[in-house]
Amino acid sequence: MTIKKYDEDVSLLENKRVNGKYFKLAFQSANLSRNVQPGQFLQIRINDGNDPYLRRPFSYYRITGKRIEILYEVLGRGTEILSQKKKGDVLKVMGPLGNAFAENLGKKKRILIAGGVGVPPLVFLAEKYPTEYLLIGTKSKAELMPKPELKKVRAKILCSTEDGSYGTKGRVTLLLEKILMDQHPGEFFIQTCGPKKMMEAVIAIAAKYGIEGEVSWDESMACGVGACLGCMVKTRSGLKRACADGPVFKFEDLEL
Amino acid sequence: MKVDLTTRVKNLVLKNPITVASGTFGTTDEYAGYVDSKKLGAIITKTITVKPRAGNPMPRICETSAGMLNAIGLQNKGLEDFIEHKIPYFKKLGVPLIVSIAGESAEEFGELAKTFDGMKDVVKALEINLSCPNVETGGVNFMKKQERILDVAKAVRDQTDLLAFAKISPELGDVLEIAGKVIGQGIDGISLINTLRGMAVDPCTRSSRIAKDFGGLSGPAIKPVALRYVYQVKKEFRVPVIASGGISNAHDALEFLIVGADLLAIGTANFVEPQATLRILKGIEEFCRKERIWHLEDLRGSYRPAGEKGEGYNR
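Here the protein sequences line up with chains A and B, keeping their order. 1 is the number of the first residue of the first sequence in my numbering; add one for each residue after it. 1 is the number of the first residue of the second sequence in my numbering; add one for each residue after it.
Hints are computed from structural coordinates only; laboratory data are not their basis. Possibly wrong hints are sitting among the right ones.
As the list claims (entries may be wrong) - DEER-style ranges, computed between Cβ atoms:
{"hint": "1", "chain 1": "B", "residue 1": "Gly-78", "chain 2": "A", "residue 2": "Glu-177", "range": "40 to 46 angstroms"}
{"hint": "2", "chain 1": "A", "residue 1": "Arg-17", "chain 2": "B", "residue 2": "Lys-144", "range": "50 to 56 angstroms"}
{"hint": "3", "chain 1": "B", "residue 1": "Gly-184", "chain 2": "A", "residue 2": "Leu-256", "range": "50 to 56 angstroms"}
{"hint": "4", "chain 1": "A", "residue 1": "Glu-73", "chain 2": "B", "residue 2": "Gly-173", "range": "30 to 36 angstroms"}
{"hint": "5", "chain 1": "A", "residue 1": "Glu-212", "chain 2": "B", "residue 2": "Gly-78", "range": "41 to 47 angstroms"}
{"hint": "6", "chain 1": "B", "residue 1": "Lys-51", "chain 2": "A", "residue 2": "Asn-19", "range": "23 to 29 angstroms"}
{"hint": "7", "chain 1": "B", "residue 1": "Gly-173", "chain 2": "A", "residue 2": "Lys-141", "range": "57 to 63 angstroms"}
{"hint": "8", "chain 1": "A", "residue 1": "Leu-256", "chain 2": "B", "residue 2": "Ala-306", "range": "56 to 62 angstroms"}
{"hint": "9", "chain 1": "A", "residue 1": "Ser-11", "chain 2": "B", "residue 2": "Lys-114", "range": "51 to 57 angstroms"}
{"hint": "10", "chain 1": "A", "residue 1": "Val-18", "chain 2": "B", "residue 2": "Met-119", "range": "43 to 49 angstroms"}
{"hint": "11", "chain 1": "B", "residue 1": "Gly-173", "chain 2": "A", "residue 2": "Asn-47", "range": "34 to 40 angstroms"}
From a predicted model like this one, the values you see are computed outputs, not experimental measurements. Note that CB positions come from ideal geometry on N, CA and C, so glycine has one too.
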């Protein structure tokens with residue numbers, strides 16, 4: 001059966017800078033907010049016309065009733081233009097797209113490792129489902145999530161900064177290794193999203209300790225629905241589309 | 001009054017001129033949740049090769065001004081899988097199917113043509129992909145030798161009487177010369193244009209933004225070039241033409257119709273707007289109604305060449 005997908009004009013309720021790194025955008029939509037799970041994403045048309053031409057994919061960050069929030073970084077021309085949109089401006093948004101992180105982990109404890117654009121979907125996951133740890137890595141204190149954004153997360157939140165301006169100095173994987181060395185690694189299930197190098201390091205650590213996990217893997221996307229074959233991921237069962245078969249993959253399925 | 005959008009291509013009758021460019025509409029039902037594909041005049045498939053192809057490494061795509069570069073590399077599961085898993089879907093859908101084919105040799109093109117000749121209940125035409133910029137064999141480099149193009153045209157024609165379009169690009173050489181030669185081999189029509197090879201460099205890494213040095217440029221950036229070739233080929237040979245190259249809205253579509261395009265293949269625009277095809281179809285209809293054109297045939301090919309504009313040009 002064909003699952004009904006939505007492509008709607010939405011009016012922005014807010015779009016503002018929340019710290020040195022992130023902007024927060026919010027709008028309302030019944031269709032785009034129904035049955036959404038953390039890890040899924042939306043494709044946003046930044047402008048009418050030809051510039052920028054392709055849509056941009058964004059993870060869901062938070063859903064409250066019909067209200068949808070997206071937390072994004074300005075990383076290029078598309079997000080630069082997006083950041084200048086005002087309350088009341090209309091954007092075309094497609095979704096919900098992609099698969100989601102596992103919600104039920106059985107007896108395992110959830111440990112989340114997030115960096116960069118991977119922070120929002122994992123905060124969404126930590127708000128929605130029982131989570132033991134949320135580990136967040138950034139370059140410096142200025143880029144950390146503002147405290148109010150994390151107040152609904154009941155997990156233990158540990159931060160690392162590369163310059164040591166906040167939390168543990170160094171990469172977020174240091175925090176992960178410390179937890180795994182101090183506790184019983186077999187009790188945990190890892191879910192991660194962030195820069196590729198970070199995710200690869202997390203997967204390597206998981207392999208070392210024999211822990212299972214999931215990664216939200218992204219590649220440059222055009223269509224977002226599995227048509228263009230632009231965002232392929234190598235898996236044990238062949239090439240998969242990050243947008244339609246993923247973006248969430250089990251560690252053991254990936255062939256990096 | 002209803003506008004008659006019926007499009008006749010030799011013995012093939014389509015309910016409208018709107019189709020999708022090869023490789024931009026998924027392999028089967030990727031857009032089914034967004035678009036009622038039954039409303040399309042025809043569907044052109046992603047290019048099918050005899051053997052499965054894994055395609056190129058990542059990144060395969062990047063955005064450029066008013067378009068994108070791609071180096072997908074004809075990823076597909078091959079002929080056998082297509083027949084087993086895709087043909088039944090299209091048979092059920094009931095929209096005339098134009099299968100895009102590519103081989104690594106004239107023999108392979110012939111084999112593909114022969115296979116689809118036996119499926120005329122579903123397959124209504126072939127598009128011979130002579131101009132993929134992203135593969136080593138069978139692509140645009142290979143076909144630069146014109147005798148290879150002619151061998152392929154002949155191999156296809158020998159194996160089937162299905163309506164056959166040759167998809168060519170200015171990358172192959174002189175478009176008019178090549179079009180003339182393949183028509184001479186009995187090919188029914190021309191599909192214009194494929195992507196144009198382009199390049200994008202990341203200043204920080206000093207390397208290509210995709211995993212190959214060059215990729216195929218598509219989208220609105222190439223539209224004026226496509227329009228020109230469609231006009232020239234149509235004017236010179238009066239054969240059926242499938243037009244593609246950055247068609248994004250009804251205005252673009254009307255331009256191609258006016259210079260004579262028979263089918264309009266919407267490509268990259270599908271990635272941006274899943275509903276692009278049907279929105280364009282609606283726009284064409286609205287324009288015709290406004291202009292009191294009740295048969296699309298009265299608009300098709302109505303271009304007034306420069307210097308012959310005459311009365312009404314400045315409306």
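For each hint, the structure was consulted:
Remark: the range hint 40 to 46 angstroms for B:Gly-78 to A:Glu-177 is upheld by a beta-carbon distance near 44 angstroms. Range check, A:Arg-17 to B:Lys-144: about 52 angstroms between beta-carbon atoms, so the 50 to 56 angstroms window is met. For the pair B:Gly-184 and A:Leu-256, the beta carbons lie near 51 angstroms from each other, so the given range of 50 to 56 angstroms is met. Against the hinted window of 30 to 36 angstroms, the Cβ-Cβ separation of A:Glu-73 and B:Gly-173 comes to about 46 angstroms, which falls outside the hint.
Judged by the Cβ atoms, the range 41 to 47 angstroms given for A:Glu-212 and B:Gly-78 is violated: they are separated by roughly 34 angstroms. B:Lys-51 and A:Asn-19 have their C-beta atoms about 52 angstroms apart, which leaves the hinted 23 to 29 angstroms range violated. Taking the beta carbon of each, B:Gly-173 and A:Lys-141 are about 60 angstroms apart, inside 57 to 63 angstroms as hinted. The supplied range of 56 to 62 angstroms is met by A:Leu-256 and B:Ala-306, whose beta-carbon atoms lie about 57 angstroms from each other.
In this structure, A:Ser-11 and B:Lys-114 meet the distance hint of 51 to 57 angstroms, their C-beta atoms being roughly 55 angstroms apart. Between A:Val-18 and B:Met-119 the CB atoms are about 57 angstroms apart, so this pair departs from the stated range of 43 to 49 angstroms. At about 37 angstroms, the beta-carbon gap between B:Gly-173 and A:Asn-47 stays in the expected band of 34 to 40 angstroms.
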